[in-house]
Amino acid sequence: MVSPLRHSQFFYSAQATPCPYLPGKTERKIVADLATPQANALHSRLSRAGFRRSHTFAYMPMCENCSACIPIRLPVSQFTPDRTQRRTLRRNADLVVSVAAPVATAEQYALFRRYQHSRHADSDMAQMTETDYQGMIEDTPVATAVLEFRTADRTLVAVSLIDVLEDGISAVYNFYDPEQTQRSLGSFAILTLTEHTRTLNLPYLYLGYWIEKSEKMAYKTNYRPAEILQSGSWRPLPLPADAKKTF
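1 is the number of the first residue of the sequence shown in the numbering used here; add one for each residue after it.
Among the hints, erroneous ones may be present.
What the hints assert, rightly or not - Pairwise CB distance ranges, derived in the manner of DEER restraints:
(1) A93 <-> S13: 45 to 51 angstroms
(2) D153 <-> A100: 17 to 23 angstroms
(3) S231 <-> T181: 34 to 40 angstroms
(4) Y219 <-> D124: 18 to 24 angstroms
(5) K216 <-> S98: 25 to 31 angstroms
(6) P225 <-> V99: 38 to 44 angstroms
(7) T181 <-> Q38: 41 to 47 angstroms
These aren't lab readings, by the way, just hints derived from the structure by calculation.
All figures in this text were calculated on a predicted structure; none of them were measured in a lab.
Note that CB positions come from ideal geometry on N, CA and C, so glycine has one too.
Please take these sequences and the hints and turn them into a complete structure.
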């Protein structure tokens, strides 16, 4: 299948697998190889078209009779933290955030395993070995970085794997200490990535897919004004009829 994007690119269809988000459904993806001389430019174009990256491939769900996975991004210049998010920022003001090359460490993997077994014990990722984890972090043909979040005593409490695009940052994967629930580390990671995107003078933070009926993915609508990709165009995500923003 030939890409409708500006430059020629071949897509491939992956085998159907059980959907990790909606029970009883199957997932099928279309996949494109990013290992090309123009990998960064290709990755940026595909991200604008709703694709995500895993290792050296970009993918997008293309499921029969289901369109629940909706690409979502945040225009960071328009984002202002609400009251709850400001509390999260204050609670984590003691953390030191550093940006590093995508190199996997044993310390990261130990935290990753704790997170998976606490939050996603029934997922395939919970079975990942240290070698698998190294591949997730290091097997990339594009501009990738790792953000590490540490306490004053240098304890690692959160990690964000990101890709730097032409028009933003793609949040590839976040994981954190599942025992530090009072910190809301998942939210703090997104808030930090929002600020990092601004620091790089880029307009968008790409948050992956929003699935309205999946609790694992519904949190992404907490960051507004978000945009979603529908019918080939990015448009504002409508507020729910009963939404109340806290300032």
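Okay, the hints, checked on the actual structure:
The hint said 45 to 51 angstroms for the Cβ distance between A93 and S13, and at roughly 47 angstroms that hint holds. A hinted range of 17 to 23 angstroms holds for the C-beta pair D153 and A100, which are about 19 angstroms apart. One distance hint, 34 to 40 angstroms for the beta-carbon pair S231 and T181, holds here, with the actual separation near 39 angstroms. Between Y219 and D124 the C-beta distance comes to about 21 angstroms, which sits within the given range of 18 to 24 angstroms.
The given range of 25 to 31 angstroms is respected by K216 and S98, whose C-beta atoms sit roughly 28 angstroms from each other. Separation of P225 from V99 is about 26 angstroms and departs from the stated range, judged on CB atoms against 38 to 44 angstroms. Evaluation of the 41 to 47 angstroms hint for T181 and Q38 yields a pass: the beta carbon distance comes to about 43 angstroms.
Taken one by one, the earlier hints fail for this structure only at number 6.
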